[in-house]
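Visitor: Work the whole structure out from these sequences, hints included.
The residues making up each chain are set out below.
4 protein chains.
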Amino acid sequence: MNVQSTVNVGPYIIMEEISEKKRLIFESALDLIRERGFHGAPMSLVAGNAGVAAGTIYHYFKGKDDLIRELYAYNRERVIAIVDKAAGTGATRKERFFNIWNQLYEFYNQNDNVLIFFEQFLNSPYNADKSPNHLRGTLYSFFQEGMEAGEIRQVKPELLIVLTFGSVNSAAKLNLFSQVPLDQSDLRDAVEILWQGIATG
Amino acid sequence: MNVQSTVNVGPYIIMEEISEKKRLIFESALDLIRERGFHGAPMSLVAGNAGVAAGTIYHYFKGKDDLIRELYAYNRERVIAIVDKAAGTGATRKERFFNIWNQLYEFYNQNDNVLIFFEQFLNSPYNADKSPNHLRGTLYSFFQEGMEAGEIRQVKPELLIVLTFGSVNSAAKLNLFSQVPLDQSDLRDAVEILWQGIATG
Amino acid sequence: MNVQSTVNVGPYIIMEEISEKKRLIFESALDLIRERGFHGAPMSLVAGNAGVAAGTIYHYFKGKDDLIRELYAYNRERVIAIVDKAAGTGATRKERFFNIWNQLYEFYNQNDNVLIFFEQFLNSPYNADKSPNHLRGTLYSFFQEGMEAGEIRQVKPELLIVLTFGSVNSAAKLNLFSQVPLDQSDLRDAVEILWQGIATG
Amino acid sequence: MNVQSTVNVGPYIIMEEISEKKRLIFESALDLIRERGFHGAPMSLVAGNAGVAAGTIYHYFKGKDDLIRELYAYNRERVIAIVDKAAGTGATRKERFFNIWNQLYEFYNQNDNVLIFFEQFLNSPYNADKSPNHLRGTLYSFFQEGMEAGEIRQVKPELLIVLTFGSVNSAAKLNLFSQVPLDQSDLRDAVEILWQGIATG
DNA sequence: GATGAATGAGCTTTCATTCAT
DNA sequence: AATGAATGAAAGCTCATTCAT
Numbered sequence: 005m006n007v008q009s010t011v012n013v014g015p016y017i018i019m020e021e022i023s024e025k026k027r028l029i030f031e032s033a034l035d036l037i038r039e040r041g042f043h044g045a046p047m048s049l050v051a052g053n054a055g056v057a058a059g060t061i062y063h064y065f066k067g068k069d070d071l072i073r074e075l076y077a078y079n080r081e082r083v084i085a086i087v088d089k090a091a092g093t094g095a096t097r098k099e100r101f102f103n104i105w106n107q108l109y110e111f112y113n114q115n116d117n118v119l120i121f122f123e124q125f126l127n128s129p130y131n132a133d134k135s136p137n138h139l140r141g142t143l144y145s146f147f148q149e150g151m152e153a154g155e156i157r158q159v160k161p162e163l164l165i166v167l168t169f170g171s172v173n174s175a176a177k178l179n180l181f182s183q184v185p186l187d188q189s190d191l192r193d194a195v196e197i198l199w200q201g202i203a204t205g
Numbered sequence: 005m006n007v008q009s010t011v012n013v014g015p016y017i018i019m020e021e022i023s024e025k026k027r028l029i030f031e032s033a034l035d036l037i038r039e040r041g042f043h044g045a046p047m048s049l050v051a052g053n054a055g056v057a058a059g060t061i062y063h064y065f066k067g068k069d070d071l072i073r074e075l076y077a078y079n080r081e082r083v084i085a086i087v088d089k090a091a092g093t094g095a096t097r098k099e100r101f102f103n104i105w106n107q108l109y110e111f112y113n114q115n116d117n118v119l120i121f122f123e124q125f126l127n128s129p130y131n132a133d134k135s136p137n138h139l140r141g142t143l144y145s146f147f148q149e150g151m152e153a154g155e156i157r158q159v160k161p162e163l164l165i166v167l168t169f170g171s172v173n174s175a176a177k178l179n180l181f182s183q184v185p186l187d188q189s190d191l192r193d194a195v196e197i198l199w200q201g202i203a204t205g
Numbered sequence: 005m006n007v008q009s010t011v012n013v014g015p016y017i018i019m020e021e022i023s024e025k026k027r028l029i030f031e032s033a034l035d036l037i038r039e040r041g042f043h044g045a046p047m048s049l050v051a052g053n054a055g056v057a058a059g060t061i062y063h064y065f066k067g068k069d070d071l072i073r074e075l076y077a078y079n080r081e082r083v084i085a086i087v088d089k090a091a092g093t094g095a096t097r098k099e100r101f102f103n104i105w106n107q108l109y110e111f112y113n114q115n116d117n118v119l120i121f122f123e124q125f126l127n128s129p130y131n132a133d134k135s136p137n138h139l140r141g142t143l144y145s146f147f148q149e150g151m152e153a154g155e156i157r158q159v160k161p162e163l164l165i166v167l168t169f170g171s172v173n174s175a176a177k178l179n180l181f182s183q184v185p186l187d188q189s190d191l192r193d194a195v196e197i198l199w200q201g202i203a204t205g
Numbered sequence: 005m006n007v008q009s010t011v012n013v014g015p016y017i018i019m020e021e022i023s024e025k026k027r028l029i030f031e032s033a034l035d036l037i038r039e040r041g042f043h044g045a046p047m048s049l050v051a052g053n054a055g056v057a058a059g060t061i062y063h064y065f066k067g068k069d070d071l072i073r074e075l076y077a078y079n080r081e082r083v084i085a086i087v088d089k090a091a092g093t094g095a096t097r098k099e100r101f102f103n104i105w106n107q108l109y110e111f112y113n114q115n116d117n118v119l120i121f122f123e124q125f126l127n128s129p130y131n132a133d134k135s136p137n138h139l140r141g142t143l144y145s146f147f148q149e150g151m152e153a154g155e156i157r158q159v160k161p162e163l164l165i166v167l168t169f170g171s172v173n174s175a176a177k178l179n180l181f182s183q184v185p186l187d188q189s190d191l192r193d194a195v196e197i198l199w200q201g202i203a204t205g
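Chains A, B, C and D supply the protein sequences, listed in that same order.
Take the first sequence: its letters are residues 5 to 205, numbered as in the working numbering.
Take the second sequence: its letters are residues 5 to 205, numbered as in the working numbering.
Take the third sequence: its letters are residues 5 to 205, numbered as in the working numbering.
Take the fourth sequence: its letters are residues 5 to 205, numbered as in the working numbering.
Hint data in this document are derived by calculation from the structure and do not stem from the laboratory.
Worth double-checking, as some hints may not be accurate.
To be verified - Here's a subset of chain C near chain D, in silico, CB distances under 7 angstroms, partners left out:
| # | residue |
| --- | --- |
| 1 | I120 |
| 2 | N127 |
| 3 | P129 |
| 4 | P136 |
| 5 | R140 |
| 6 | M151 |
| 7 | K160 |
| 8 | G170 |
| 9 | F181 |
| 10 | S182 |
| 11 | D190 |
| 12 | I202 |
For every residue, glycine included, the Cβ atom is placed at its ideal position computed from N, Cα and C.
Guide: Below, the structure written as structure tokens:
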């Protein structure tokens with residue numbers, strides 16, 4: 005099955021497999037965009053680095069726009085899966101929050117091409133309305149329930165969501181791209197700053 | 005004196021004047037990039053919307069790269085000027101922090117073309133090393149002095165800087181581009197969350 | 005017996021059978037070319053609309069050129085068959101001429117895809133020398149004999165042939181593609197105009 | 005003035021001048037299409053044979069479609085001008101008809117690229133409705149007045165128009181592209197056949 | 001015979017840049 | 001300084017054709 009999407013299999017949401025060719029094209033595009041931006045990722049190069057002919061991409065995607073958008077949807081699912089999994093691990097809400105933050109950080113840190121791609125995509129005309137994403141879903145419930153339990157400050161959940169993603173992104177970019185690498189202690193600082201701000205008392 | 009740069013005049017950092025034509029070109033480029041991305045801002049359109057001929061741009065800029073980079077430098081100065089000014093207003097450190105955050109938010113909220121441009125630029129190949137910016141300067145001293153005074157948590161100042169900018173950006177984008185507009189109360193929440201996280205006791 | 009050609013079987017010229025697949029491919033190509041021109045009839049679409057795979061066409065034709073040329077040859081035979089049949093029906097030469105003209109008109113009127121295809125083909129590089137067709141054969145003899153019998157004006161038979169086909173085509177295209185539909189009376193006008201011009205006395 | 009169109013200057017309809025570059029591009033396209041068809045006339049070749057760069061064409065035409073359509077409109081005007089001029093020369097209606105037919109024949113005979121282009125264009129998807137052209141205008145009035153004067157058979161004028169053009173085209177193509185060249189006597193035959201058919205008495 | 005994924009040459013078109021005016 | 005016609009490299013994409021299955 006080539007269409008990237010999700011299916012419900014028992015209690016878990018899993019990503020359907022994507023064809024090997026599609027994965028190669030995704031990987032190639034992701035790396036090129038990270039390295040050279042949308043403009044520096046012509047279809048010919050995406051194809052070349054993926055080891056396929058230029059025309060082959062058009063069997064899997066309607067065009068460059070479609071490729072970019074599917075690339076985003078695919079990686080968005082990866083991030084959602086990380087949040088979903090981390091949100092289920094930990095005894096306390098605080099522990100679960102720390103797990104979410106740390107797992108996201110770890111993911112971006114090891115997949116800086118996704119991090120860069122996301123930021124390029126979200127602020128580009130490909131993402132027509134430039135709306136932030138992930139505003140619904142697990143994280144929304146996580147914060148809402150925390151507020152109901154009196155553990156989280158009464159704030160619009162969407163605000164908490166974007167502050168969380170913003171915090172992870174800022175830390176990851178600082179570590180990856182500046183002369184200021186972050187060690188474990190710095191990361192604890194970063195997540196504690198956020199938690200202390202959003203937790204009650 | 006067309007080259008955009010900064011000079012120290014007594015205690016103030018001021019921006020040198022830029023020619024009217026340059027300003028028109030900047031404005032045109034900023035709007036086009038916001039609306040259509042780098043890819044949708046060809047020099048001919050930048051020129052057209054600025055009311056000049058295509059060739060004219062090349063009297064002011066070496067090429068498109070140069071234009072983009074100068075556009076960034078110019079707006080970076082605007083942001084620095086806002087931080088510098090806000091950092092000097094307020095009785096307490098907390099007040100000054102709130103002013104900085106709010107002034108930045110206000111600026112991005114009223115200049116979403118700058119916000120979008122920044123995010124596109126910083127993650128693009130134009131910004132070769134993708135290094136976050138603003139890591140030195142007024143904000144650095146602001147946090148450092150706060151730590152020395154025991155009012156700010158002992159954390160790498162660069163981390164505090166990116167978290168601050170990240171927080172402002174996240175809030176501004178949420179307000180501008182989502183279906184979740186932020187009112188004054190939400191904004192107070194946002195800045196308080198951050199301050200509570202970085203302030204001691 | 006897939007190769008399309010003609011054989012003489014007794015007094016009749018008959019078309020050899022063509023395979024069902026070939027017929028489907030011909031029909032598909034004819035309709036696509038009529039609707040979208042050569043340029044809008046890619047092999048993949050021809051195959052798709054014929055209900056076969058792209059590769060299958062290459063079992064029946066050497067390539068697109070070959071397909072087009074065979075398509076022409078096939079329909080040329082259909083037209084020749086119509087002329088041949090009509091030329092044998094009618095008591096007088098005039099009656100037979102009217103039958104030829106009317107049968108041709110009827111054929112084109114009911115097969116506008118053939119009409120359009122012919123005009124596209126004959127003026128295209130597929131028909132390298134752009135030579136008009138049907139210059140020999142039944143119609144040639146028909147006119148020659150008419151001249152010998154003193155019933156037809158002494159003119160180069162080829163001229164009479166192209167004027168006849170031109171007259172039928174012009175009328176059919178007027179009826180099919182303009183806002184000026186032709187009724188039975190108009191058709192009689194058309195053929196009478198031609199006959200009055202070529203008949204003696 | 006670059007836009008090809010017509011203006012009324014006193015009693016004459018004249019064609020506005022078109023720019024030299026445009027004329028070169030038209031000429032190049034016409035020759036290539038004649039020689040190789042639409043498919044064999046890529047923009048790069050059209051440009052090359054016109055002595056301009058590929059991009060230059062796009063200063064004068066929106067795209068290939070636009071070029072083709074303007075090419076048609078331009079040559080259509082040339083043909084209309086010929087008819088208009090010839091229709092005004094000659095003492096009798098018959099003389100004028102002969103002049104129209106002969107001038108048209110002469111034009112196509114000397115501009116076979118126009119003849120071939122017309123036939124390709126009219127039957128192609130460029131001419132979306134495939135409607136025959138020239139159905140109104142000078143020729144329409146010519147036949148209508150002839151009928152009112154009792155000199156021309158009572159027939160739908162549009163039918164007479166397409167028969168006239170069809171007759172000229174058939175003769176020109178026979179002469180140009182077959183092994184049957186037409187001499188002056190043949191041409192007189194051709195036009196007399198038509199006139200005898202459409203004239204009364 | 002039949003398939004359709006894969007190929008890659010070649011198409012139309014865009015656009016940063018130049019330069020004669 | 002200012003113009004904008006002209007350039008031509010390079011982009012996205014199509015499609016006739018092949019070939020492993």
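Visitor: With reference to the structure, classify each hint as holding or not holding.
Guide: Right, here's what the structure says about each hint:
1. Contact between I120 of chain C and chain D, as hinted, is supported at the beta carbon level, the nearest pair being about 5 angstroms apart and thus within 7 angstroms.
2. For N127 of chain C, the interface hint holds, since its Cβ comes within 7 angstroms of a Cβ in chain D; the closest pair sits about 4 angstroms apart.
3. Interface restraint check for P129 of chain C: the shortest CB-CB distance to chain D comes to about 5 angstroms, inside 7 angstroms, so the restraint holds.
4. Look at P136 of chain C: its Cβ gets to within about 6 angstroms of chain D, closer than 7 angstroms, so that hint holds up.
5. Contact between R140 of chain C and chain D, as hinted, is not supported at the beta carbon level, the nearest pair being about 11 angstroms apart and thus beyond 7 angstroms.
6. A distance limit of 7 angstroms between C-beta atoms decides the matter here; for M151 of chain C the minimum to chain D is near 12 angstroms, and the interface restraint is violated.
7. Interface restraint check: K160 of chain C against chain D, minimum CB-CB distance 6 angstroms, threshold 7 angstroms, status holds.
8. The interface hint given for G170 of chain C is met, as the beta carbon of that residue sits about 3 angstroms from the closest beta carbon of chain D, less than 7 angstroms.
9. A cut of 7 angstroms between beta carbons decides the hint on F181 of chain C: the least distance to chain D is about 4 angstroms, and the hint holds.
10. Nearest Cβ of chain D to the Cβ of S182 of chain C: about 5 angstroms, under the 7 angstroms cut. The hint holds.
11. Annotation: interface hint on D190 of chain C holds; nearest CB of chain D at approximately 6 angstroms, less than 7 angstroms.
12. Against a cut-off of 7 angstroms between C-beta atoms, the interface hint on I202 of chain C holds, since the closest Cβ of chain D lies about 6 angstroms away.
This entry does not satisfy hints 5, 6, going by the numbered hints stated previously.
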